[in-house]
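Asker: Take a look at the letters that make up each chain.
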Amino acid sequence: MSEFWGPFWIVLAGALAGASCGLLGAYLVLRKMSLLGDALSHAVLPGIVIAFLLSGSRDVIPMFIGAAICGVIATVLIETFHRRWRVQEDSSIGIAFTALFALGVVLITAFAGQVDLDQECVLYGEIAYTPWDRLFWGEWDLGPRPIWILGTVFALNLAFVLVFYKELLIASFDAEMALSVGVSAALVHYMLMGAVSVTTVAAFESVGAILVVAMLIVPGASAYLWSDRLKVILTLSALMGVISAIAGYFLAGVWNSSIAGAMVVVMGFLFALSLIFAPHYGVLGRFVRQVRLSLKVARDHVLLKLLRERESQRVSALSWGDLVDTAARWVSGIAIRSLMWQGLITRENGHFSLGEQGVIHATRLLRNHRLWESYLNQIGLPPDHVHDPADALEHFTDDRLREEIRAALPNIATDPQGKRIPEG
Amino acid sequence: MLHAVDESVTPIHIHDMTVAYHKKPVLWDVDLAVPEGKLVGVVGPNGAGKSTMIKAIMDLVPKASGWVRIYGKPYLRMRQAIGYVPQRESVDWDFPINALDVVLMGRYGHVGWVRRPDKIDRELAEEALEKVGMTDFGHRQINQLSGGQQQRVFLARALAQDAQIYLMDEPFAGVDAATERAIIDILMDLRARKKTMLVVHHDLHTVNQYFDWLVLINMRIVAAGETKNVFTEDNLNKTYGGRLTVLSEAAQAVAHHQRGL
Chain L
579 MSEFWGPFWI VLAGALAGAS CGLLGAYLVL RKMSLLGDAL SHAVLPGIVI AFLLSGSRDV
639 IPMFIGAAIC GVIATVLIET FHRRWRVQED SSIGIAFTAL FALGVVLITA FAGQVDLDQE
699 CVLYGEIAYT PWDRLFWGEW DLGPRPIWIL GTVFALNLAF VLVFYKELLI ASFDAEMALS
759 VGVSAALVHY MLMGAVSVTT VAAFESVGAI LVVAMLIVPG ASAYLWSDRL KVILTLSALM
819 GVISAIAGYF LAGVWNSSIA GAMVVVMGFL FALSLIFAPH YGVLGRFVRQ VRLSLKVARD
879 HVLLKLLRER ESQRVSALSW GDLVDTAARW VSGIAIRSLM WQGLITRENG HFSLGEQGVI
939 HATRLLRNHR LWESYLNQIG LPPDHVHDPA DALEHFTDDR LREEIRAALP NIATDPQGKR
999 IPEG
Chain W
3 MLHAVDESVT PIHIHDMTVA YHKKPVLWDV DLAVPEGKLV GVVGPNGAGK STMIKAIMDL
63 VPKASGWVRI YGKPYLRMRQ AIGYVPQRES VDWDFPINAL DVVLMGRYGH VGWVRRPDKI
123 DRELAEEALE KVGMTDFGHR QINQLSGGQQ QRVFLARALA QDAQIYLMDE PFAGVDAATE
183 RAIIDILMDL RARKKTMLVV HHDLHTVNQY FDWLVLINMR IVAAGETKNV FTEDNLNKTY
243 GGRLTVLSEA AQAVAHHQRG L
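So the sequence lines, in the order shown, correspond to chains L and W.
With the first letter of the first sequence counted as 1, position 300 gets the number 878 in this note's numbering; the numbers rise by one all the way through.
With the first letter of the second sequence counted as 1, position 170 gets the number 172 in this note's numbering; the numbers rise by one all the way through.
These are computed hints drawn from the structure, not numbers from a lab.
Glycine included, every Cβ here is placed at the ideal spot set by N, Cα and C.
Hints are supplied without guarantee of correctness; some may be wrong.
So, partial list: chain W residues that the calculated Cβ filter (under 8 Å) puts toward chain L [unchecked claim]:
| hint | residue |
| --- | --- |
| 1 | Pro88 |
| 2 | Val93 |
| 3 | Tyr110 |
| 4 | Leu189 |
Covered stretches of chain L (chain W as the covering partner; in silico rule of three or more C-beta atoms under 8 Å from a C-beta of chain W) [said to hold, decoys possible]:
| hint | region |
| --- | --- |
| 5 | 669-682 |
| 6 | 801-807 |
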């Protein structure tokens, strides 16, 4: 095997397995059925072993048939346990898949001598053998067998998702609505489970029974964090499967470790990255939004404090110590500095006062605050109860909302404390 | 039967229908003939079987006995004549989909398996969104909509189904006053166009104002007919009062017996 082709076939096998699993996995995560993917990938084992024993070879066709039958049996068992015998759904899944998987393990070990099938390979896969496992047409070498299998399965999965996109969508979102427009959610469910079973088998030899679960769940769960659009999620999920395969291969080289294992480690790493950096649902994004929000609130409070002082005509400037919010010194300090930087407030002789633009901003905020107080008072809150809610609402009141409140308060010039509501 | 029902002009005709969950009956011997072009309220206490009745009409739950005819034909042949608004809580609003694509689902029954919705379907979906006052929200992710807006999206989806009969499961639950007004306006408009609507409803205060026909239900039909005849204190007592506990005790006993065996 050449320097190039050996690694190429291995990476391609991993990429095809990752993309196949990623496509279906996105749906499993979406339908909150990740566990079912896990269950099926294990439950097909006895089907494969029996197919090996009966056919006496590692032919693909008997293997797929055995797995598909076993997958359907597992799905039916789970449904029956749950719906008919009222076992909890998670328990039903747990019972069905562990029992079938155990049966598979027993069969392998009992008949290990008779077929070319060993526990290690089934559990952990042997993607490294990909380049040497050839497919022949008569005398003709067609290339590595796993590539043909995984390529076919990927094409089938892609076709399945494209052709039944609409049916998968409605059955996943609203099963009853689906039924009422003639799309049997149960049929879609069995088709998806059938596809998962077949994909599992195809990925089996490459990545093994345990790691295929990661391939089914992790890319989908990661992609789900990045987008609110199903098409983007599906694409990303498949893409993450591919990236993991490529990066995993090289990582395995560096660590001198199992290739399939390294691929899944990369998947875990991608998930961690998603969890941190995904814009809407990522930890970092949330943190940034939170900081930005508290900064906005702190800035508003600084502006309001200065305006109120000015209004009371005691002083028009405040010292740092008077202005900074002692309860949130750090954020408040940044708020003051950023306001100064923007010229909304100015400092002279160590005292702060509102700039020209600052007055406009602050007046609008004060108007918000007092309009809210009046409004809350009008809808029944006593005057001494309205300050705190108004304090929270003033920051989030845009022009439209302000006009709505204004319209609900005809001819009101002062707030419940008798203070003037400024125009702004 | 006291009077024969002319099935071909009866939108929904239910005959001796009993529905059971796990052998425990939740609806007993329902007989109901809903006249065409009426806005019909379905009212009763929690667990009275209101949603179950609607689902049984659409074959979403199996019937233990009895049958339903839609304009004289079985449901399966009349599926496209029925538009459905499920309870808002019945779906996951974090699902990655926007409002317009949800409304477009109303067209799926007309589009058929495997084929894609075309430009006309899209236009109809946009039209439906416009009718519920949600044009600007078509591309909004559904979890960014308020409860009232989500309910409007569901209603728009049913409108996109372009049906003769609309079955609605608590369309007014948890919506703001403006949405309630908007929804009732649309229902009145549908009635003016001879559509028939069966609406599960909770608020007894608005029954007289909204519905011209009423079904009072508590595990069986207590009364059904024009609101002015049916909406009486006596009937409400029968629906909400203790008299019907015999039926629920019977249901408990059946369930108990099943478990005991």
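Asker: Are the hints correct? Go through all of them and say.
Answerer: Right, here's what the structure says about each hint:
no.: 1; hint: Pro88; verdict: 6 Å, holds
no.: 2; hint: Val93; verdict: 5 Å, holds
no.: 3; hint: Tyr110; verdict: 5 Å, holds
no.: 4; hint: Leu189; verdict: 19 Å, violated
no.: 5; hint: 669-682; verdict: violated (count 0)
no.: 6; hint: 801-807; verdict: holds (count 4)
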